[in-house]
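Visitor: Read off the chains here:
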Amino acid sequence: MLPEYGHFALILALLLATGLSTLPLYGVLSGHGGFQRSATALTWGMTFFLATAFTILVVCFLVDDFSVRIVVENSNSQLPWFYKFSATWGNHEGSMLMWVLMLGGWATAVSLFSGSLSQELKSAVLAVMGMISLAFLLFLLVTSNPFDRLLPIPPGDGGDLNPLLQDFGLIVHPPTLYMGYVGFSVAFAFAIAALITGRFDAGWSRWARPWTNMAWAFLTLGIALGSWWAYYELGWGGWWFWDPVENASFMPWLIGTALIHSQAVSEKRNLFKSWTLLLAILAFSFSLLGTFLVRSGVLTSVHAFATDPERGLFILVILLVTIGSSLLLYALRAGQIRLAGEYRLVSRESFLLFNNIILVVIAFMVLLGTLFPLVFDAFNWRKLSVGAPYFNAMFNFFMVFLLSLLGVGQVLRWKRHPLSDLRPLFKVGIPVALVMGLVLPPLITASFNWRVWLGLALVFWLLAGLVRMLLDRTRNASQPWRALRRAGGSFWGMWLAHLGVAVSVVGVVLVSNYDLARDFRMAPGDTVSMGDYQFRFDGMNIVDGPNYQSDQGVITVLRNDQPIAELHPEKRFYTVQRNTMTEAGIDAGLFRDLYASLAEPLDDEHQTWAVRLQVKPFVRWIWLGSILMAAGGVLALFDRRYRKASGGRS
Amino acid sequence: MTRRWILFLPLGLIVVLAALFSYALLSGVDPSEMPSALEGEEMPAFQLSTVQDSLDFKTVEDLKGQPFLLNIWATWCPSCKWEHPYLNSLSQEGVRIIGVNYKDERDLAQAWLRDYANPYELDLYDPNGDLGFELGVTGAPETFFIDSQGVIQYRYQGPIDSALWQDELKAVYENLD
Amino acid sequence: MKTSISPSLIFVTLLLLGLAATAMAEREQRYFDNDSLRDRYEQLIWELRCPKCQNQNIAGSNAPIASDMREKTYELLHQGYSDEQIINYMIDRYSEFVTYKPRVTAGTVWLWLIPGLGLLIGAVAVFMLARRSGQQGAEPISDAERQRLTELLEKDRDAS
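Taken in sequence, the protein lines are chains A, B and C. Counting from 1, one number per residue, gives the positions in the first sequence under my numbering. Counting from 1001, one number per residue, gives the positions in the second sequence under my numbering. Counting from 2001, one number per residue, gives the positions in the third sequence under my numbering.
Don't read these hints as lab results, they were simulated from the structure. Each residue gets a CB set at the ideal place from its N, CA and C atoms; glycine is no exception. One or more of the hints may lead you astray.
Some, not all, of what chain B presents toward chain A, calculated at C-beta under 7 Å [as the list claims (entries may be wrong)]:
#1 Arg-1004
#2 Ile-1006
#3 Pro-1010
#4 Leu-1011
#5 Val-1016
#6 Ala-1018
#7 Phe-1021
#8 Met-1034
#9 Pro-1078
#10 Trp-1082
#11 Tyr-1086
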């Protein structure tokens, strides 16, 4: 019976979502307060039933209810409980349910933490979120019911979870990523509400801003987790592949990054409002687009869901209605926004606009590259591939502009910044950046490489700007520390996030240019050397896992004849799916990772192996930087003015 | 105002995207389907022995003269086994089939042809997959449709069965000249 | 697998003994005459797409065809082929699909042109906006601008 209750809870959630998308909006348009206030209760009710449905689905997985189709397809009685738990969202239906649940969660949060928001705006925002929930609940119930049963005779056991997904990564990566995707719906709903009510004052920007920051922080972390997961799980040490599914998450991130910057201008200077509205619509639109690309099967990807054209068509309709109507509303209404305020070319406004242009161009470049093969396919021209070489070259090209401008842009004042004031930054910052970029690489490895020079120079240019920001804050203060403490969450959030950018760039530049990788043929006792390290293959062990058997290699890494690490790369055979997986053996370090993976056995006894060994300098910095960026996004939430704003009424 | 139309640009873009996506979904564009790079090209030159006789070397000239199917197969390939009976019946209907035994072992291939009957007019032995590589083969089974001049007209990836033959491939074969 | 001592095991053992005899120098699976050759090999197998897999380069794929293509890449490198010749060799057999780096043709040039133009137009737009905004406050407005301002104000009145 339990699955039926879950199914029923979904239907109730659908009914409440229908109410939520209509009643409050009627209240807003007619000025009826009671209908406006119904939004909160409807939101809570919908979220409650979504949570109930999701909990029931989790229970179905945990208790091995093999009468439920997706449990059979994605779980197995031998699976450890935490993978049963995460298998709930390791499939199309369950992950879609989680998606809608999170939408409900964000809506509930909006209803709880928006104390002084006018009832009218709040109701409109919740109603818009209700409409999105309604669309996706319909999608779930019509095409992808997670509670589908295999009755009357359920199978005795399940087909097991894809071994690739049997990992800590599945537990944390999708929820974090989805929180980000779905979180952009709040900024989206604020934008639509502003367009509907016709109130474009700086207020909506201030209200939407913390939500956007939060969603952006989640998305940043989610993408970083995905990258880290791919790095250790796919077994050959890549951390970004420009796969369509990755691009699908990267595009909303780029637009979201543009959005949080443009919201700053809209809030502080009441400028670019029409542009900010557009970005708010686009950020969520790209999230929806990603959902479509991953689940429709129009593109090939290493990690797409099992796809189905019917589902693809359904999402496409949702996509077209949601985005199309929003952009139509935008086209009709945004012209009413008045331009206000003035600024010069050398001002924070201009440079934030440059930042926006570059980020949006990058996002559309990624979209273009991702869809280009599809365009060729649709016109039946020829099959081609657009992959990492294209994306890397283009992305790096644009990043050079972005980072160059960021270095100086972050220190600029609003309205206009006297050029004379910038002279010290240019005079000191540029030479320091160029020299450091040149001097540092030889300390890491011997070889010179102009890409590394350019990359590190940009990093130091960015750091020069960060130092300058601190100096500006303390220059005229009698107590510098106090001045820095008083700078506030917004300042420190930005400072930290930009530091994160620098850290990530260091990681990307160094690991892309200085990593070492070799394929060796190793029998027990063999020692090979690579860089400063010797790798000694000590032999193989057989390891029995809960649902797999594993050939585990033991590799001791020595440096100057001293053992410094032991790597345990594995070749796992998952018995249910009869699937072989490569588990890399990694010794993580702040300045380098040592990475070993078993390619294939070269003898029948599985003693001699083809082993791929890698030294990856500074690879951790990529994710460390992402964590700093996300932390910066969250820190900005603690700015005094948000506390004052929400505390004022309560 | 002159700038108003700019506000409609994003809407225009999403409409174009939606058109592309609906076309892709409705026309059933399959991103994993791959036409051969050699369609319209002459069959690559080779010199291979037959499965039956390691001293009997054949070249591309031995194949020309009449249209034929070039079937890539191997004993390690389950779909090939599945497809094999239908190849036998095609061969009985008079369809000329040349086999390429792909990355296989000669004795296994011989045993297979003894056990399951031999539909091939000629069966080339390609143990290293060299001819396969020249043909752009990615796995077995694959079937090339080649005309009497030795020009490749079509390539099908995957096993052939009666329904597929009647619906699609027969017409391709009959159009070969 | 079946027999206790397989020929391949003997072969591998002999090979290993042979390698051991030539000192433990290089146990690399593939022998490269120099580092630049190895770098080119790594670069090429990263750029070539496995034609049979979902979406993987031949470096990251375990598919037999990917391994064949790696082998061929290695062979051709040692026969003195240039990178471009090797890519073309693969394209001739496996179609343009196998290279992740699209060739520049009349159809594909948009991949570079569109983002480049986007950046250019965007940059010009920012300059113009900033100039216009800056001038508004800096200098007394011209007649044309005054007229435009009046228009805007009127339009606003109409709208509200």
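Visitor: Does each hint hold? Answer for all of them.
Guide: Evaluation of the provided hints:
This hint holds: Arg-1004/B has a C-beta 6 Å from the nearest C-beta of chain A, less than the 7 Å allowed. Annotation: Ile-1006/B was flagged as interfacial toward chain A, and the flag is violated, the nearest CB pair being 9 Å apart, outside 7 Å. Checking Pro-1010/B against chain A: minimum C-beta separation of about 5 Å stays under 7 Å; hint holds. Satisfaction of the interface hint for Leu-1011/B is found here, the shortest Cβ-Cβ separation to chain A being roughly 4 Å, below the 7 Å cut-off.
Look at Val-1016/B: its Cβ only gets to about 10 Å from chain A, farther than 7 Å, so that hint breaks. A cut of 7 Å between beta carbons decides the hint on Ala-1018/B: the least distance to chain A is about 5 Å, and the hint holds. The restraint placing Phe-1021/B at the interface with chain A holds, with a minimum CB-CB distance near 5 Å, inside the 7 Å limit. With 7 Å as the threshold, the beta carbon of Met-1034/B comes within range of chain A, its nearest partner Cβ sitting at about 6 Å, so the hint holds.
Interface hint status for Pro-1078/B: violated, as the beta-carbon distance to the closest one in chain A is roughly 13 Å, over 7 Å. A cut of 7 Å between beta carbons decides the hint on Trp-1082/B: the least distance to chain A is about 19 Å, and the hint is violated. Contact between Tyr-1086/B and chain A, as hinted, is not supported at the beta carbon level, the nearest pair being about 27 Å apart and thus beyond 7 Å.
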